[in-house]
Amino acid sequence: MSNLAIQCIGDDCPPFWTMPSGRGFDEESSGKIVIDIEKAIAQLRESVTITFGRPLGEMRFSLSEIYKECSLADWDGYGARAITEDAYEEAKKVIDLLPSSIPAPEIVAEPAGEIGFGWYKEKGQVFALSVSGKHRIIYAGIFAGNKLHGSEYFGETLPPVIKQHLRRLYL
Amino acid sequence: MVQVDPSEDLTKFIFNRSQFSPLSNRVKYSVFIPPSNRRLSVFRISGLSERDVWGIGETVGTQRALPLLARANIKAVSVTEIGLEIDADDVPPRHASIIGWPKEASAIKLKAIELAGRSQLHLR
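Chains Y and A, in that order, are what the protein sequence lines are.
Using the numbering used here, the final residue of the first sequence is 1060, and nothing's skipped along the way.
Using the numbering used here, the final residue of the second sequence is 127, and nothing's skipped along the way.
FYI, nobody ran anything at the bench for these hints, they're computed from the structure.
Please note: incorrect hints may appear among the correct ones.
Said to hold, decoys possible - Computed, partial: chain A to chain Y, Cβ under 7 angstroms:
| id | residue |
| --- | --- |
| 1 | 18 |
| 2 | 19 |
| 3 | 21 |
| 4 | 33 |
| 5 | 36 |
| 6 | 44 |
| 7 | 48 |
| 8 | 54 |
| 9 | 71 |
| 10 | 105 |
| 11 | 108 |
| 12 | 109 |
| 13 | 113 |
Computed from a predicted structure; not experimentally measured.
For each residue, glycine too, the CB sits at the ideal point set by N, CA and C.
Sequences and hints are given; from them, build the entire structure.
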């Protein structure tokens, strides 16, 4: 019998607990369970779970449009650097890793060739981060007059400090 | 350096649609992130008619072969209050640069967020 490991992405993972059936399962049926769970997670993330405002697919579309539009230098008319494929790939990862309870961000191209994500709760309540494909997240925010900024290593998960600031904005 | 009166209006012309939100009538922070030379290009527009202001933007857009989409207005005092400076170089006429940016990329982002929050969007 093999073990089933499910990585929980974000802070609000859907519950997987169900009433025990009292039945065991063989290798074939366990494989089917894995596929079913993956499909269910994908459906949740595509249509309902992520963001109050926009589904995941819309954010990905928005990102790809920005990449297309800003992948040549001087896209802003002021000498901006082109958005690189590395930045685009890393931005896709950010979208996939955003906590499902957080509203969808505005996605922007930044003049240094980075892709930024901005959350505007209301005036004076703002948080933004950006990635450039170099495994670093640059962030800044204003929370009711308190200002902060910094940078964090970006590996396989969103740095806890980023999730903490997003929670501070919305929860 | 030519002194700019704190009450003066400045404007930043916008040529990329990802940098503003017509729906929420808001300028996004990326408009105020300076280029690599750390001189953010703006124009001093106090005393000019709307038509004249857009005319300057059209000229800039023509030079860059980009369509003018919008502009972000901001008071000079909003720039200096957060520790940045304005270099009124007047080349071309009425041009100025916002300078004095911090070194850290994250600190620059914070300044850009603050400027965006104090600016007003004007659609072409």
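**Hints violated by the structure (numbers, ascending)** = 7, 8, 9 and 10
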